[in-house]
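Asker: For reference, the chains in residue letters:
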Amino acid sequence: MIVGQQKPFDEIWSMVRDFKKVLVYGCNTCVAICHAGGGKEAEILASMLRMKAAQEGVDMQVDSAAIERHCEPEFFEPLDEKVRTYDLVLSPACGVGVNFLADRLAGAIPVYPGINTSFYGGVPEAGFFVELCGGCGNCILHLTGGICPIVRCSKSLMNGPCGGTNNGKCEVSDQTDCAWYLIVERMKKLGTLEKLLEVQPPRDWSTGTHGGPRRVSLEHIRAYEEKEEKNAATEGK
Amino acid sequence: MKSGSNLEKVIASGKMAVTAELGPPMSADPHEVVKKAGILKGFCDAANITDCQTAVVRISSIAAAVIALREGLEPVMQMTCRDRNRIAMQADLLGAAALGLKNCLCIAGDHQKFSAAGKLKGHPGAKNVYDVDTCQLVGIMKKMRDEGLQQGGDKLEVAPKFFIGASWTPMGDPMDFRPYNLKKKVDSGADFIQTQGIYDMDLFRSQMEKARNLGLHERTAILAGIIVPKSAMMLKYMDSSVAGVTVPKPLIDRMNKAKEAAGDDKKKMRELQEQEGIKITVELIQQALEIPGIKGVHIQAIEWETAMEPIVKAAGLYPRPTFDA
Amino acid sequence: MADVAEATERTPVSTIEKPQDIPAEWQPNVLAFACHYCAFAAADLAGVMRLSYPPNVKIIRLPCTGKLDHIHVLRAFERGIDGVFVAG
Amino acid sequence: MSLLSNSTKRGSVLIVGGGIGGMQAALDLADSGFKVHMVQRDPSIGGTMVMLDKTFPTGDCAMCMISPKMVEAGRHLNIDVHTLAEVSSVEGDAGDFRVKVKVAPRYVDADKCTGCGDCEVKCPKKVSSEFDQNLGQRKAVYSLFPQAVPNTRAIDASQCLCLNDPDRKRCRLCEKACKAGAINYADKGKEIELNVGSIILSPGLDRYDARARQELGLGRWQNVVSSIQFERILSASGPYKGEVKRPSDGRHPKKVAWIQCVGSRDNHNANPWCSSVCCMYATKQSIIAKEHDKNIEPTVFYMEMRAFGKDFDKYVERAKKEYGVRYQRAMVSAVREEPGTGDLVMKYAAEDGTLVTENFDMVVLSVGFQPHCDAEQFAKTFGIETNEYLFAKTSPFTPVKTSREGVFVTGIYQGPKDIPETVIQGSAVAGSVMALLAEARGTETVEKELPPEKDVTGEEARIGVFVCHCGTNISSTVNIDEVVNAVKDQPGVAYVTNTIYACAQDNQDMIKQTIKEQNLNRVVIASCTPRTHEKLFQETIREAGLNKYLFDLADIREQCSWCHKGQNEVATKKAIGIVKMSVAKSRLQEPLQSETVGVTPSCLVIGGGIAGMTSALSLADQGFPVYVIEKDNELGGLVKNVHRTLEGLDVQEFLKDRIEAVKEHPKITVHTGVEVKKTDGFVGNFKTLLTDGSTVDHGAVILATGGVEYEPTEYLYGQSPNVVTQRQLEKRIAEGEMPKSGERYVMIQCVGSREEPNQYCSRICCQDAVKNAIAIKERNPGAEVMILYRDVRTYGLREDYYKKARDLGVIFTRYDVDRKPRVEPAGSRVNVRTWDYMLNKELSLDADWLVLSTGLRPHPSTDRVGEMYKVTRNPDGYFLEAHVKLRPVDFPSEGLFVAGLGHAPKNIDETIAQALAASGRAGVVLSHEKLAVSGIIAKHKRELCMSCLSCFRVCPFGSPYIAEDGKISHNEVKCMGCGICAGICPAKAFQVNNFRDDQILAMIDAAAESEPGVVN
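Chains as they are written, first to last, in the numbering used here: chain C, 144 to 380; chain L, 26 to 350; chain E, 174 to 261; chain U, 11 to 1026.
Careful, some of the hints might be misleading.
[Said to hold, decoys possible] No farther apart than 30 Å at their CA atoms in a straight line, the calculated lysine-lysine pairs in the DSSO-like style are these:
{"no.": "1", "chain 1": "L", "residue 1": "144", "chain 2": "C", "residue 2": "331"}
{"no.": "2", "chain 1": "C", "residue 1": "332", "chain 2": "L", "residue 2": "235"}
{"no.": "3", "chain 1": "L", "residue 1": "144", "chain 2": "C", "residue 2": "312"}
{"no.": "4", "chain 1": "U", "residue 1": "951", "chain 2": "C", "residue 2": "225"}
{"no.": "5", "chain 1": "C", "residue 1": "312", "chain 2": "L", "residue 2": "261"}
{"no.": "6", "chain 1": "L", "residue 1": "138", "chain 2": "C", "residue 2": "150"}
{"no.": "7", "chain 1": "C", "residue 1": "312", "chain 2": "L", "residue 2": "208"}
{"no.": "8", "chain 1": "U", "residue 1": "998", "chain 2": "C", "residue 2": "332"}
{"no.": "9", "chain 1": "U", "residue 1": "998", "chain 2": "C", "residue 2": "195"}
{"no.": "10", "chain 1": "C", "residue 1": "312", "chain 2": "L", "residue 2": "138"}
{"no.": "11", "chain 1": "L", "residue 1": "208", "chain 2": "C", "residue 2": "332"}
{"no.": "12", "chain 1": "C", "residue 1": "331", "chain 2": "L", "residue 2": "235"}
{"no.": "13", "chain 1": "C", "residue 1": "338", "chain 2": "L", "residue 2": "168"}
{"no.": "14", "chain 1": "L", "residue 1": "208", "chain 2": "C", "residue 2": "338"}
{"no.": "15", "chain 1": "C", "residue 1": "150", "chain 2": "L", "residue 2": "235"}
{"no.": "16", "chain 1": "U", "residue 1": "687", "chain 2": "C", "residue 2": "225"}
{"no.": "17", "chain 1": "L", "residue 1": "152", "chain 2": "C", "residue 2": "312"}
{"no.": "18", "chain 1": "L", "residue 1": "146", "chain 2": "C", "residue 2": "312"}
{"no.": "19", "chain 1": "C", "residue 1": "150", "chain 2": "L", "residue 2": "146"}
[Unchecked claim] Here are the computed distance ranges between Cβ atoms for each label pair:
{"no.": "20", "chain 1": "C", "residue 1": "273", "chain 2": "L", "residue 2": "314", "range": "43 to 49 Å"}
{"no.": "21", "chain 1": "L", "residue 1": "226", "chain 2": "C", "residue 2": "157", "range": "54 to 60 Å"}
{"no.": "22", "chain 1": "U", "residue 1": "849", "chain 2": "C", "residue 2": "318", "range": "57 to 63 Å"}
{"no.": "23", "chain 1": "E", "residue 1": "226", "chain 2": "U", "residue 2": "526", "range": "36 to 42 Å"}
{"no.": "24", "chain 1": "E", "residue 1": "224", "chain 2": "C", "residue 2": "273", "range": "47 to 53 Å"}
{"no.": "25", "chain 1": "C", "residue 1": "318", "chain 2": "U", "residue 2": "953", "range": "36 to 42 Å"}
{"no.": "26", "chain 1": "C", "residue 1": "273", "chain 2": "L", "residue 2": "51", "range": "34 to 40 Å"}
{"no.": "27", "chain 1": "C", "residue 1": "367", "chain 2": "U", "residue 2": "953", "range": "32 to 38 Å"}
{"no.": "28", "chain 1": "E", "residue 1": "243", "chain 2": "C", "residue 2": "157", "range": "18 to 24 Å"}
No wet-lab data here; the hints were simulated from the structure.
Computed from a prediction, not measured in an experiment: that's the story for all the values here.
Heads up, the beta-carbon is just placed ideally off N, CA and C, and yes, glycines get one too.
Whole structure, please, built from the sequences with the hints as guidance.
Answerer: This is how it looks when you write it as structure tokens:
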């Protein structure tokens, strides 16, 4: 799931203070699960902003709302007019949601982020989220016993470990396990340790963000639209 | 001869090699490098020029290496995988070769968040690279030297001739995987190896035995790394928080005894500890050199270059061998 | 699903005065959230023993303080309650 | 058990004594279809426990634990409490007893009196309060203690000025003060006849009067107090309001000494038995005193620290380490008062024999129990035999049965014991009675018929508000009319009035009447605390046809008038605020149905040892099918290798009968060599798959997994043939191999117990050692027996056997845990060297036999079974019961019970008692066709839920679960309504009935609108 954390309240306030009518527009899926930007958190944030405004003697109306998901246009429709009556939307949805709504409003009113979207993660226990995938677009987990060195090793080494391990922990912090320590143990248990002896060649990073923004288009669903896009693109040239 | 460097010649001659370490300053003034080169000259076959060690900005390794070369001290330039992608790496290697540098040590490089272990601010917010790792860098240098090809496959008009080095932390965990870790570097083409600081000699002997069983000691020149201890506090610090370094208690006790002997006279306390530090270093060198498969020592007298002379002499490694041009 | 919690018309926000120096006769309006089994029972015992304490506090009984929600506390402050006391 | 042939059995029970034991039995029986008559000598039930401040080892406050049970017993439809009553005669046999009960005059009419206490205020006659152990005072018209049940006042005829005036003219102030007209000086006693099926005796015991030991100075030196007096001193509702003060000058004592075994373990002018609880309550009192006042320095003078119960040793260790309690192993010979200062001078012999005199500010005498002065007559009345000390005579195999069929005993009248054992015996007697009167279950209990419920869904809120005066308790501080006027025009309020006593019968009828006349669909009553009166008023409006959850109680007495006396204007304003909050909540109330769930009337018992078999037999006798699951291939468990009890009874014989009875009983199915594979479901509806493939449907589960003996590795065990365990020794004695004359036996206690990581006492080893020592000496006085002990813990009536062993010449020598005996082989014998504290020298003993008293461990299967039923274990691996003191046989989740060694180490009779208790508790569940689920639970809206598992992870009762469709569902039967799920749920998919977010927010708005009270 996508994991994010609410921005510090002072940072949010400094973004919002000059607006008269603000809507805190929550999203009830991933960011609700990580208690950062759901409908409940939107309500709480709105209440805190109202009180802060009162304390600062700033005349500001702050309302809260929430929809199921901010990454599908149809969910926005029911509140489209209502949203346009505000002079700022503070969206505690993930970065995808903020972009998507900002594109939808196309500059009519500003959309500010309420949280810092961080990573794809697992939830080992209530309220605890750990990063386990970096979305690099070229998965090699079959080589390392299911432990991703790209994201869980601070130096993304393909032929680790480096010299910085400190009794099983990474030099970066003693709370961070050394991925390669885990990989060696896992491969030993799987009985395929010798696989690690092959030197992995330099990676092709272009499948990740280094290769520029990515898109996925499912041909079996939108064959027609793809043709349209191709024609438009060729005419343009 | 792969590179024709002085270090290569010493190793090839079968004599025990001695390398030292030269940390370039955080300044644009080269005289610090010149001064240190002057002190080290004659007491080592080549001196490592660190590449922004602990992710702290210093004169770049290539520049400082060239200065040292001019001063008559053969440098071992270093290249970390942290700061350059494969394009910049290969360009810098060509430049270094063009400037006459022959030895190059490939290391992963301390993570930018490590930043001098808290002593300095460093640049924890910097974007690191790590496009390739140490083994892959060694492979790139070998391909450039032996096949005259870039990593991407394009041809080089003139191939750079490097004596390729890599680092090894024999006692870092997972300990039982460390010999294979070394094998991968040797398979990739490492000509010489410099290990992390060794204090626990028994542990190092058992790791070297495993390396020998893999036949690695014949395929590369392993130099045992020795960090010269200046004080008891330094030994305790290294044992507790330097990765892959464990310091046996008797050594720490010896240093403490030396410290107490000085009563509360600060100056004497420092001197006695430094003398004990040199004595310990010499003993460690002699024990290391007796280990089969060891082809020399890499003595790290961090910010204490003047200690090289007494150490090298006491260890019977003086004078250094010289070869006519 | 898309319910817009309108800003409260009933008490316009700006009437909550900014914290100036406290006038002599000002009295805090305190609200307590108490768990049925321990804090609420303790409040009862205080009464049974006729202990006296300032009357500025009113108690809302909860099955357990685990039931308390952030919005309850924030709502209290927004409505002008001066202090919230949670015991359980 | 002889079953009565023709005469029909009575479906009711007489319980003599209203202490915690009697109450537990009463509630279990009344909740499972039996009519209970409870006869209590005092004006209120409660017994000894209500006098206590806190209890060990958890430090919970006694009153908070027992008062809910008293309120429940006091109000229970099927329990009649007869106070100031005594049984005068008993005729008939098991199943049909005719009992005469003499009830002393109370001089206050129970139907009229509401317990408001106005009479007490006016009564001029001050009397020393027995409840406060004569440290505090009460009036001639009084209630035994503030939380008395029934809280009807009573007049002490011996003290009342009016009652002592033949023509009743003097004083009569209480009559004038009582608005309810409840005072009746002409009240005569009466005699009532009860016809019951069974009698349970739980009269409790008296405390030893320490004045008999003048040398300790109780009654002569003011600062020497009895331990029960010190309990009152510690109690927040005691004479000193919980401040630890010296009776002589009110100063805070610094050095306080406890003297143990006052009146116990002492043959001249005291009692020979050990009262079992004094060591632990002295430790507790010193800890609690230290918590009250940091600079108190507690010292406990003791012979042996008998901390044999669950987690008791840990409690004593904490007392030593965290609270700095000093334990001095010495008996105090005399206590003198230092003239002028009131301090006390004590003389005692230190360990090494030197005489020490030491000053203390205060001395507490840890007095033990002894039977009531009229115990002999009491036993004659009920026709039961007693042992030589006038305790009820019982056998270890039937610990709760007296000598007379149909008459049972529970609590300390059977022998000195602690609260959990008393509660266990309470449920055990309930189990036995259920078995005896099984066919009469439900014949005498009444169900209340209720009118059909009016459907109010969709109606506009029409709230009726009743503001109560509570005599003067509220109206003396809160202006009732002002409250009525302020609430009159609140939105949704259809009718407002005031009542003098809302809880009195006439006012209740008025309320029901008004609901009908005014067509009200919500009721708010402003009076006292919902904790005691909510159920009462809910039932009242239900009787008027209104759903009982359309009700809210505004507490304007305990939380307003009583704590703001004298500030009328401010209290009135606050009362208005409180009532407005209730009205705001009431407006949003909806009728709630409490679902019911069916019950499969059968029980699964895991473990075929003594505990499992006893539970199975008792439940089967109650008529419920029982499935016994035994891992080994035969029944019996650990007791298989025990030959004799301490009292000398044949255990193998008893075990054979028990196994026979279980095998033959038509209702019991035994699965041997089988374990539980998988289990699912909840109370009333468990489904368990066994390893032999069969599945069992059952309504309750009893975990009797038992224990194993510790296999020693120390003291050369296993290396030398001369080193055996107590069990092996017992076997050889039974087979006549031992003892040969001239042989020397050395026994070492606490092997594998009372040391990290097993910091607990295994409770049975001292008994085993003494039993075997006596057996050896009796068979061959020439044999020599020495026991090396740390503390001989032969508690309760077992003390006699410790004395008998000493009389037979067994030598007891103490050793310390940090100077343990050392053992080396010595040819055909074994050499044991130990430090003797008395001689201050090391002893070297060559022993023919070294006998190790090894401890107990939980059975290895405990973890696996615990995992399956989601019941936690304590750090030592034993099952953790729901509540150490008051629910020692239950688990937090309903329908699961524990018995035997799986719970904690215990002797055979205690295991049998706990097994009977488990069958009693299970009987309560299985006796109902349907189990009602409380209305106040969390409701889950699946359409809002995105299964983020936050609730699943925090719910203490495991009610959210992942359903087949992979999404979260909520099992309402397991829900206790705490609302933690609602607090964490990011989608607000959970709401707790009557505590919904909108209701709480409405209350907050109401609280904010009413201005704060002004302090003048």
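Asker: So, for every hint listed, does it hold in this structure?
Answerer: Going through the hints against the structure:
no. : hint                      : in the structure
1   : L:144 / C:331             : 38 Å, violated
2   : C:332 / L:235             : 21 Å, holds
3   : L:144 / C:312             : 21 Å, holds
4   : U:951 / C:225             : 27 Å, holds
5   : C:312 / L:261             : 19 Å, holds
6   : L:138 / C:150             : 22 Å, holds
7   : C:312 / L:208             : 23 Å, holds
8   : U:998 / C:332             : 43 Å, violated
9   : U:998 / C:195             : 25 Å, holds
10  : C:312 / L:138             : 15 Å, holds
11  : L:208 / C:332             : 21 Å, holds
12  : C:331 / L:235             : 18 Å, holds
13  : C:338 / L:168             : 23 Å, holds
14  : L:208 / C:338             : 13 Å, holds
15  : C:150 / L:235             : 52 Å, violated
16  : U:687 / C:225             : 58 Å, violated
17  : L:152 / C:312             : 22 Å, holds
18  : L:146 / C:312             : 22 Å, holds
19  : C:150 / L:146             : 25 Å, holds
20  : C:273 / L:314: 43 to 49 Å : 47 Å, holds
21  : L:226 / C:157: 54 to 60 Å : 59 Å, holds
22  : U:849 / C:318: 57 to 63 Å : 59 Å, holds
23  : E:226 / U:526: 36 to 42 Å : 41 Å, holds
24  : E:224 / C:273: 47 to 53 Å : 50 Å, holds
25  : C:318 / U:953: 36 to 42 Å : 39 Å, holds
26  : C:273 / L:51: 34 to 40 Å  : 37 Å, holds
27  : C:367 / U:953: 32 to 38 Å : 35 Å, holds
28  : E:243 / C:157: 18 to 24 Å : 22 Å, holds
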